[in-house]
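Colleague: Chains as they are written, first to last, in numbering that gives the first Met the number 0: chain V, 0 to 256; chain G, 0 to 81.
By construction, these hints were calculated from the structure, which means they are not laboratory data. Idealized CB from N, CA, C, for every residue including glycine. Possibly wrong hints are sitting among the right ones.
Heads up, incomplete: computed chain V residues facing chain G, CB under 10 Å, no partners named [to be verified]:
hint : residue
1    : N16
2    : N20
3    : N65
4    : P80
5    : T85
6    : L109
7    : F173
8    : N198
9    : P248
In silico EDC-like links for lysine to aspartate or glutamate, alpha-carbon gap of 16 Å or less [claimed, not checked]:
hint : chain 1 : residue 1 : chain 2 : residue 2
10   : V       : K36       : V       : E107
11   : V       : K221      : V       : E46
12   : V       : K66       : V       : D28
13   : V       : K99       : V       : E147
14   : V       : K166      : V       : E186
15   : V       : K108      : V       : E253
16   : V       : K88       : G       : D24
17   : V       : K168      : V       : E136
18   : V       : K182      : G       : D24
19   : V       : K117      : V       : D74
20   : V       : K99       : G       : D24
21   : V       : K66       : G       : D24
22   : V       : K91       : G       : D24
23   : V       : K88       : V       : E46
24   : V       : K166      : V       : D131
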Amino acid sequence: MFNNAFYVYGVVKFGVNLELNEEGLTGKDVYLINNGKFSALVHDCEETPYTDKDPEKIKELIIAHNKILDRAMEDFDGVIPLSFNTIIKKGKSSARFNLKKWLSDDKEKLENVWNRVKGKREYGIRVYYEKDKLFQEASANKEIKKIEASIEDKTRGLSYLLQGNVKSKKQEVFQNKVNELKKEFYEKIKGAVEEIVINPSRISLEEEKDSLLSLSVLVEEKKVYQIKEILEKSKEKGFSFHLAGPFAPYSFVENGK
Amino acid sequence: MENNETGIVELIDRALNKGVILSADLVITVADVPLLAANLKLALASVETMLKFGVMEDLLKATTLEKKEEDFLISEEILVKE
Chain V
0 MFNNAFYVYG VVKFGVNLEL NEEGLTGKDV YLINNGKFSA LVHDCEETPY
50 TDKDPEKIKE LIIAHNKILD RAMEDFDGVI PLSFNTIIKK GKSSARFNLK
100 KWLSDDKEKL ENVWNRVKGK REYGIRVYYE KDKLFQEASA NKEIKKIEAS
150 IEDKTRGLSY LLQGNVKSKK QEVFQNKVNE LKKEFYEKIK GAVEEIVINP
200 SRISLEEEKD SLLSLSVLVE EKKVYQIKEI LEKSKEKGFS FHLAGPFAPY
250 SFVENGK
Chain G
0 MENNETGIVE LIDRALNKGV ILSADLVITV ADVPLLAANL KLALASVETM
50 LKFGVMEDLL KATTLEKKEE DFLISEEILV KE
């Protein structure tokens, strides 16, 4: 009997069918379906996305998805992760046929992606700075001080205008400083990793501080210490950070580039 | 992956928004299931309770931050061109 559908966790370069002996979402047995050089990590399922009214249960599902990818990274020295809830359905052909056809049709793309991510891990880096401190530093700018000093002996009207100038100048100096810090930090990290992606920040992890930068980096595990060293040194300059991972290389597999 | 709250927020963000996306004719389209989308937003909100955000505050903050990052992305493009 044909399976209704397959939940697909990811793809590995491993040319045989195999039981993974690992439980995936909702305790399902995960195994490999092979076609050519590549195998998909799957479990049998219905053509229904995984969801739950309880957000905590959804969190558990996502963690289970990731557990399989973690295991694959260990066993196969890499994994091409698929987005959560990727379910291959049957159409005119069986779901198995569709899955194998995809592995075959996209083998060149998969090969490119595999070569890119093999043996590497993704980490997330969020960098924060203290806005007030930086603004005070920007306010100590010589040009600003000069304008401020000149305000004292001016008429009320002119003084008002100059104060406006001071305010916009402070903002300009502050923004330039922020951009300079971003560039400096980005360049430092870029030099220590294979690839780097700037993330749009959807979530702040430290509400009292301002987010300077959110990055995803692709790095060989043995080189992670270099990132940690850069981050430690940045602390001395007043930055703080979150380093999260290792993750499967989610940010480096999109569109089969 | 480290099983702490920070790591889980980062993981959820990636698992939902990144990774290989297959063509729609092969897969069940999750976007067609409104309940799922709503619950996933709640899942993200719930892991942020450690930050003592209300859901609305969170959404407002997220919008602001996204704008900031867009600004930086533009400046980053300029950097690359330079």
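Colleague: K221 of chain V and E46 of chain V were given as a pair; does the straight-line alpha-carbon distance stay at or below 16 Å?
Modeller: Measuring from Cα to Cα gives roughly 41 Å; hence the hint is violated.
Colleague: Hint check: K88 of chain V vs E46 of chain V, CA-CA at most 16 Å. Holds or violated?
Modeller: holds, 6 Å
Colleague: Given the proposed pairing of K117 of chain V with D74 of chain V, does the C-alpha separation stay at or below 16 Å?
Modeller: holds, 12 Å
Colleague: Taking the least C-beta to C-beta distance, is N65 of chain V closer than 10 Å to chain G?
Modeller: holds, 6 Å
Colleague: Within 16 Å, alpha carbon to alpha carbon, are K99 of chain V and D24 of chain G?
Modeller: Within the cut-off at roughly 15 Å; holds.
Colleague: Would you mind confirming whether the straight-line C-alpha gap from K166 of chain V to D131 of chain V stays at or under 16 Å?
Modeller: holds, 15 Å
Colleague: Does E186 of chain V sit within 16 Å of K166 of chain V, going by the straight-line distance between their CA atoms?
Modeller: Answer violated: K166 of chain V to E186 of chain V is near 30 Å, above 16 Å.
Colleague: Starting from K108 of chain V, check that the Cα of E253 of chain V is at most 16 Å away, please.
Modeller: Holds, at about 10 Å.
Colleague: Double-check F173 of chain V for me: the hint is only fine if its C-beta lies closer than 10 Å to a C-beta in chain G.
Modeller: violated, 13 Å
Colleague: Mind checking the CB of P248 of chain V against every CB in chain G and telling me if the closest is under 10 Å?
Modeller: Hint on P248 of chain V: holds, closest Cβ of chain G at ~9 Å, below 10 Å.
Colleague: Between K88 of chain V and D24 of chain G, does the CA-CA distance stay at or below 16 Å?
Modeller: holds, 9 Å
Colleague: Hey, K99 of chain V versus E147 of chain V, does the alpha-carbon distance stay inside 16 Å?
Modeller: The given pair, whose Cα atoms are some 71 Å apart, is violated under the 16 Å limit.
Hint check: violations occur at hints 1, 2, 7, 11, 13, 14, 18, 21; the rest are consistent with the structure.
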